[in-house]
Amino acid sequence: MFNGKSVFISGATGSFGRMFIRTLLARYQPRRVVVFSRDELKQYEMQQEFNAPCMRYFLGDVRDAERVVQGMRGIDYVVHAAALKHVPAAEYNPTEFIRTNVNGAENIIAAAIANGVKKVVALSTDKAASPINLYGATKLLSDKLFVAANNIGGEEQTRFAVVRYGNVAGSRGSIVPFFSKLLAGGAAELPITDPRMTRFWITLDHGVDFVMQSFERMHGGEVFVPKIPSVRIVDLAQAMAPKLPHKIVGIRPGEKLHELMVPQDDARMTLEFDDHYTIVPSIRFNNVDTDFAVDATGAQGKAVHDDFEYRSDTNPDFLSIRQIGELHADVTP
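Residue numbers (the numbering used here): 4 to 336.
Don't read these hints as lab results, they were simulated from the structure. Here a beta-carbon is modelled for each residue, glycine too, at the ideal position from N, C-alpha and C. Mixed in with the good hints, there may be bad ones.
Said to hold, decoys possible - Simulated pairs of lysine-lysine, DSBU-like, Cα-Cα distance not exceeding 35 Å:
#, residue 1, residue 2
1, K88, K259
2, K184, K122
3, K259, K122
4, K305, K8
5, K122, K250
6, K230, K250
7, K121, K184
Unchecked claim - Label pairs and their computed distance ranges (CB to CB):
#, residue 1, residue 2, range
8, S183, I286, 21 to 31 Å
9, D309, E43, 32 to 42 Å
10, K45, R255, 40 to 50 Å
11, P266, E192, 13 to 23 Å
12, L28, P91, 46 to 56 Å
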């Protein structure tokens with residue numbers, strides 16, 4: 004669907020953005036690919052790898068509404084990946100996270116509508132479901148903005164959807180590179196916040212594929228949640244360093260013991276498909292009744308039971324220590 008089309012990626016110099024662009028160029032022949040980010044060094048480094056004629060590099064911040072509008076001119080599809088994400092940093096710097104994650108989302112929405120963009124998919128996080136930290140709260144607000152944006156597109160009919168998933172194996176800032184750095188430095192032990200802690204786990208490849216599929220299946224207003232495995236953090240540490248002891252250091256500010264992607268309160272709005280869940284919007288769009296039980300590709304979903312929730316600790320799919328080790332080997336350069 005991206006052949007001959009123009010694609011805009013905010014936060015494109017991050018782990019997801021780089022993998023998305025690599026996959027996009029390998030599978031399709033886009034007319035134009037706009038890299039939109041605020042880091043000139045990362046853009047310079049990306050230009051050494053991604054220098055196809057279709058590439059365009061725009062320095063800009065999603066906080067700057069005018070620059071976002073400029074970067075999105077002539078664009079067909081938008082992936083919104085720009086965000087501030089560090090949980091403890093958000094607790095200490097709340098207004099900075101609000102300006103990027105909430106106000107930035109507003110700017111992406113307004114620019115997409117102003118430029119007649121066809122479809123927008125915004126990346127979210129499991130921390131946006133029943134949030135207890137500032138980062139999660141800003142992403143929940145962002146999710147609500149993108150869902151409601153389907154009501155303000157007017158005649159332009161720009162469609163918006165959200166993709167929500169968990170920790171990305173090996174991504175910048177995740178626990179795997181942190182543990183790897185400690186091990187490379189000769190650490191005698193690995194720090195564990197809590198031995199009971201669990202997390203959802205997804206590879207970058209899977210995340211990119213899921214986002215691309217979401218462009219095809221979306222009507223507008225959905226929150227798409229992939230079915231992915233969970234890991235126990237102690238198992239992850241064991242897989243990476245079988246002989247090292249663990250030091251319990253306590254949960255960080257704003258951190259959860261377990262993560263949640265579909266809260267029980269959303270069960271009545273949740274449909275199950277073969278490889279994902281879809282949380283349908285609770286609001287009605289312009290008096291149009293959309294049958295979300297059949298997605299835009301024709302796939303059929305079914306309602307979940309009323310007390311359903313999708314949690315990392317009760318997830319029926321857990322990676323074993325061996326599977327974690329194999330996955331780590333695959334994502335390590």
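Tested hints:
1. K88 - K259: holds, 15 Å
2. K184 - K122: violated, 39 Å
3. K259 - K122: holds, 33 Å
4. K305 - K8: Within the cut-off at roughly 33 Å; holds.
5. K122 - K250: violated, 46 Å
6. K230 - K250: Holds - the C-alpha atoms of K250 and K230 are around 31 Å apart, at most 35 Å.
7. K121 - K184: violated, 42 Å
8. S183 - I286: 21 to 31 Å: Since S183 and I286 have Cβ atoms about 44 Å apart, the given range 21 to 31 Å is violated.
9. D309 - E43: 32 to 42 Å: With Cβ atoms ~51 Å apart, the hint is violated.
10. K45 - R255: 40 to 50 Å: violated, 26 Å
11. P266 - E192: 13 to 23 Å: Since the Cβ atoms of P266 and E192 sit about 35 Å apart, the hinted range of 13 to 23 Å is violated.
12. L28 - P91: 46 to 56 Å: violated, 36 Å
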